[in-house]
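Visitor: Two chains, each in its own frame: build the complex with the hints.
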Amino acid sequence: MSSSRESFEGGVFHSSIPGGRSGARVSIARGELIADTIGEPNQRFSIPLTQCKLDLGGASGRMVFCRTDDGTLTIFCEDKNFAKELDFQSGGMLAQQLQSLKKGQRAESSRFGFWLAVSALACAILLFGGYYGVLAAAKVAMRAMPVSVDEKIGTMAFNSMEVGRKLEANHPASKLVQEIVDKLKPHAKIPDMKFKVSVVEGSEVNAFALPGGQIVVYTGLIKEAKSAEQIAGVLAHEMSHATLRHGIERVGQSLGVVAAIQLLVGDVGGLLALGAQVAQTSILTSYSRTAETEADLEGVRMLHAAKIDPQAMADFFEMLKQKMGDLPDAVAWISTHPQHETRVENIKNHQKTLPPAVYEPLQLDLKAAQDAL
Amino acid sequence: MQVDIRNRPSFANLHVQFEPGDKIIAEAGAMATMSANVEMKTRLNGGFFGALARRFLGNESIFINEFSAPSAGELVLTQPFPGDMVCTELRGNTLFLQPGAFIACDPGVRMSLGWAGVRSWIAGEGLFRLKLTGTGRLWFGAYGAIFDREISGEHIVDSGHLVAYEPSISINVGMAGGIFTSFFSGEGLITRVRGQGKIYMQSRSFDGLAAWTNAHLW
Chain A
1 MSSSRESFEG GVFHSSIPGG RSGARVSIAR GELIADTIGE PNQRFSIPLT QCKLDLGGAS
61 GRMVFCRTDD GTLTIFCEDK NFAKELDFQS GGMLAQQLQS LKKGQRAESS RFGFWLAVSA
121 LACAILLFGG YYGVLAAAKV AMRAMPVSVD EKIGTMAFNS MEVGRKLEAN HPASKLVQEI
181 VDKLKPHAKI PDMKFKVSVV EGSEVNAFAL PGGQIVVYTG LIKEAKSAEQ IAGVLAHEMS
241 HATLRHGIER VGQSLGVVAA IQLLVGDVGG LLALGAQVAQ TSILTSYSRT AETEADLEGV
301 RMLHAAKIDP QAMADFFEML KQKMGDLPDA VAWISTHPQH ETRVENIKNH QKTLPPAVYE
361 PLQLDLKAAQ DAL
Chain B
1001 MQVDIRNRPS FANLHVQFEP GDKIIAEAGA MATMSANVEM KTRLNGGFFG ALARRFLGNE
1061 SIFINEFSAP SAGELVLTQP FPGDMVCTEL RGNTLFLQPG AFIACDPGVR MSLGWAGVRS
1121 WIAGEGLFRL KLTGTGRLWF GAYGAIFDRE ISGEHIVDSG HLVAYEPSIS INVGMAGGIF
1181 TSFFSGEGLI TRVRGQGKIY MQSRSFDGLA AWTNAHLW
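For the record, the sequence lines run as chains A and B. Quick note on numbering: this note's numbering labels position 46 of the first sequence as 46, and the sequence is numbered without any gaps. Quick note on numbering: this note's numbering labels position 147 of the second sequence as 1147, and the sequence is numbered without any gaps.
What the hints contain is simulated information worked out from the structure, not anything from laboratory work. Among these hints, one or two may not hold up.
[Unchecked claim] Straight-line Cα separation of at most 30 Å, DSSO-like style, residue types lysine-lysine; simulated pairs:
| # | chain 1 | residue 1 | chain 2 | residue 2 |
| --- | --- | --- | --- | --- |
| 1 | A | Lys53 | A | Lys183 |
| 2 | B | Lys1131 | A | Lys80 |
| 3 | B | Lys1023 | A | Lys84 |
| 4 | A | Lys307 | A | Lys367 |
| 5 | A | Lys323 | A | Lys183 |
| 6 | B | Lys1198 | A | Lys102 |
| 7 | B | Lys1023 | A | Lys102 |
| 8 | B | Lys1131 | A | Lys103 |
| 9 | A | Lys196 | A | Lys185 |
| 10 | A | Lys139 | A | Lys175 |
| 11 | A | Lys175 | A | Lys226 |
| 12 | A | Lys323 | A | Lys352 |
| 13 | B | Lys1131 | A | Lys84 |
| 14 | A | Lys196 | A | Lys175 |
| 15 | A | Lys226 | A | Lys367 |
| 16 | A | Lys53 | B | Lys1131 |
| 17 | A | Lys352 | A | Lys307 |
| 18 | A | Lys367 | A | Lys183 |
| 19 | A | Lys189 | A | Lys166 |
| 20 | A | Lys80 | B | Lys1023 |
| 21 | B | Lys1198 | A | Lys103 |
| 22 | B | Lys1198 | A | Lys53 |
[Said to hold, decoys possible] Stretch-level coverage of chain A by chain B, calculated; a stretch enters the list once three of its residues show a Cβ under 8 Å from a Cβ in chain B:
| # | stretch |
| --- | --- |
| 23 | 17-31 |
| 24 | 58-67 |
| 25 | 181-190 |
We treat Cβ as the ideally placed atom computed from N, Cα and C, and that holds for glycine.
So that you can see chain B by itself, here it is in the shape it has in the complex (with noise of 0.2 Å):
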């Protein structure tokens, strides 16, 4: 099975070219276009409360779609939101995703809802994350560009960027200076992350484009 991000990055979306017996899980919703030799299944997202949990909590969807082919055939994928999309390989290792940013996976990757605290709750990121975990590639979105940073130590990150994130990593609230440079500068409260692992980023937040139009209604 090929996969590719077309698009990127502004309107990426992810192109899926099928060979005989292929399998990919996509968020629901998440299809554009496929051939029509591609099966779709529907299944609750993991166990009944569990989807609900995910849908209330975790900003996915109860139920998550199989798409398989038995011939060759293509699939497109796509996102909500304008921004980019990027691939990454699970080897037994396990990835955080902000709630939303989840678009497909392969059959061998887990997910899960976890309690991310109110840490993070705090820096903008929510009370609950996604967890992927297993084997197998997995395709997320953001809102904007991502990019990524291979963290040593301690980084700061604006509340609201950051998207992924390994359990490596532990998140911590800060104010962008003293007082009055973290109420003055707009920068407000910041996330620390600090510890060893790769973080994904955002160069776009919903709250900024929340608050840029609102200042714009009247």
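Chain A on its own, in the form it takes in the complex (with noise of 0.2 Å):
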């Protein structure tokens, strides 16, 4: 056995050293292992490489501990070259010491591996199964609560929201979407609903329901029609939103999820609270695709017990997609709204679906509300 070439940088604990371990030159001659202690007073520490029991870890996993038999002397060195020098001056006799400390932590460290893969998908299944789980929960959890709940948010959101200037009650245009309305109240699916519709000037086609019952649509709609039938289609769907109580539905779900947040990684405090400000109105007029080919269906289904041509409806989405052009399908599988022809397809086959009819043309003067915007 030669001596060492070089002295490595490393410790030792001893309870004869002041505080108990000091840093030290580390190196190995003559079949021992020595350690000089760095800083006052210098002390000389060795145990025999014969005496060596040998441990692998410390912060990095890589240092290198040298116990005697007693466990009262500990050498350590984290050199990458220790471990080799520490074999080779052993003549191997430490080899295998060493080997069998590797792979265990090898094992350990594939062991952690495994398991911070698994805690990682626990922890991704756990937040989309919650998700869904808080939405569906939150769905029938409002279904239960009364109708007079929808009515008061819908007041409250129409009061805070600004949406134009509202035409008289007398307007032509408003009697005449107040009339079509009327006609399909007495075949909402809720039949004590109270609907208020209100027409707003605003050159968009478009129109909105709100939870239980207030409904606004803008006069571009009206000039943009072609026949009172398509008003109707319209309002038979904005006014399915109501009865099929969409707008809370998606209030609940959204409290749903906000509460489940919070369930999960504590309170996160302001932030939520100016989220849930500006997502107020938004959340109560904008609904999921879902919640659109329902209102169509039942749209559907209200115009005809009405004795209104559901065609009309087909006709209006026609009308816009011509107008409009389509969403490029990957823009319409994100967007809320689904495409206009399979809308259309949707609102013709549900409509044949339904027992034969003989449909009475509404007699309401068009033309007359379009000529007084």
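Guide: What follows is the structure, given as structure tokens:
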């Protein structure tokens, strides 16, 4: 056995050192592991290589510990050449000990990796499942609430919205819209829902419904309509959003998600309150694709029951499609509104499933209402 | 140079009494009061990038202050949160500190920032740690009281409570018990320290304070 060419930076634990530990220069000579402490007092400790009990670990996982049998003296070193030197100087005597330690460490490392991956996957599944679970639970919970809650929320939202100038109730356009609503009302899914319809000045071809039966129709839509039946189609669709309680469902889902996030990550404070404020009205007026389709089908049922030709609803979407074009497929999939083409097809298919009926044209003067705008 | 830790444990502060020629290195902003004759020199905490790294990754200041006194004088150093401070002496050995724990050291102690690893991060101890090595005294502080343990084998610490440890100690993350126990005992993840050496722990954790405060905000 030869003596080592170099010394390594390391340390030593022994009760005779003040504080019990010291940094040390570690070297191997004449079959002994030697540690010379740094600083005062200079002390020298040694362990015969034949008595070395090795261990591997430390914060880096690379630190080699060499202990005496009774464990009172420990010399350690992190230098990556130390293990090689130790192996070389001991004539291979410590090689087996080192090998099995490294093997154990690798096994632990891969176990850690495995559990890390499993935990990440479990978190993802919990979040995903939790999200949809909360949505479903919120839907059920909100459905169980009385319709009067819808009305309160709808009225509050309507009062806080800036929708534009409302036409007078005796305006021909207001009267036309009111008459259609009156005709459809008896066939609504919730018979005693109080529908309140307002015609609002605005160029957009749009209408929306708030929870509880507040409906807003823009003058742009009335101007574009080719027949009173088309307006009836849109109104039936919007009334269906109210009777199917889509708005309140969304409020519940949003609140449910917020509550669930709080449960999961603790309180997230003011940021959420801000988000809730911003989302308030958009949540109430924008519905999911499923909700839109449901409202289309329920609208068709109402029109059919009121003896108004549901074909007009399909015609209206057809017209919108020609006027504005369809959304590209990729965008439409993400967007909440279904493709016009799909809607038209759904409406026509649903109409076929209903019992045959004789439709009566609406005796309303659309032209006069349009001229008055 | 005589250094005492006063007002322990809640509002501990370092009371330094200089003799001519004495020097101490302190975290920027730690000085509360000093004699008029004490000189303060500010320098980057290591190289420029090293200082930036220590600021953003190690939660320490970009600058450190070197206080010296040509004649006798005194200096008081504090930390920004309530809690205890301890002194330990390095004899060529190394100590890892949690980000933000460092307060002061003798000029013979070198400071650097090291990667602590994913395990340390999951254990709530941060991705980085301060490495202090050399010869001399070192003072560091914590939130709450500080207690130490001489480890030989394995020991369990709740996440966020480990303040300092020696490089001969390895850190592992573990669950407090089975899945049910870990979730509902309120202990969640724990830190499993293993090896031979000393660890320092704090009796309070910032995460605990933050959670408690948040729960009372609404």
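Visitor: Quick one, are B:Lys1198 and A:Lys103 close enough, alpha carbons at most 30 Å?
Guide: Holds, because 27 Å separates the two Cα atoms, which is no more than 30 Å.
Visitor: If you draw a straight line from the CA of B:Lys1023 to the CA of A:Lys84, is it 30 Å or shorter?
Guide: 42 Å, violated
Visitor: Taking only the CA atoms, is the gap from A:Lys226 to A:Lys367 under or equal to 30 Å?
Guide: 9 Å, holds
Visitor: Could you grab the alpha-carbon distance between A:Lys189 and A:Lys166 and see if it respects the 30 Å cut-off?
Guide: 27 Å, holds
Visitor: Between A:Lys53 and B:Lys1131, is the straight-line Cα distance small enough, at 30 Å or below?
Guide: Holds, because 28 Å separates the two Cα atoms, which is no more than 30 Å.
Visitor: Given the hinted pair A:Lys80 and B:Lys1023, is their Cα-Cα distance within 30 Å?
Guide: Distance of about 36 Å is beyond 30 Å: violated.
Visitor: Take the stretch 181-190 of chain A, compare each residue's beta carbon with every beta carbon of chain B, and decide whether three or more fall closer than 8 Å.
Guide: Check failed, 0 qualifying residues.
Visitor: Measure nothing beyond the straight line between the CA atoms of A:Lys323 and A:Lys183; if it is 30 Å or shorter, mark the hint as holding.
Guide: It holds: about 29 Å lies between the C-alpha atoms, which stays within 30 Å.
Visitor: Next pair to validate is B:Lys1198 with A:Lys53; report whether the Cα-Cα distance is within 30 Å.
Guide: 21 Å, holds
Visitor: Keeping to a limit of 30 Å between CA atoms, is the pair of A:Lys175 and A:Lys226 held or broken?
Guide: The given pair, whose Cα atoms are some 17 Å apart, holds under the 30 Å limit.
Visitor: Keeping to a limit of 30 Å between CA atoms, is the pair of A:Lys367 and A:Lys183 held or broken?
Guide: Holds, because 19 Å separates the two Cα atoms, which is no more than 30 Å.
Visitor: Compare the distance between the alpha carbons of B:Lys1131 and A:Lys80 with 30 Å, and conclude whether the hinted pair is satisfied.
Guide: The hint holds at about 19 Å.
Violated hints, in rising order: 1, 3, 7, 10, 20, 25; the structure is consistent with all others.
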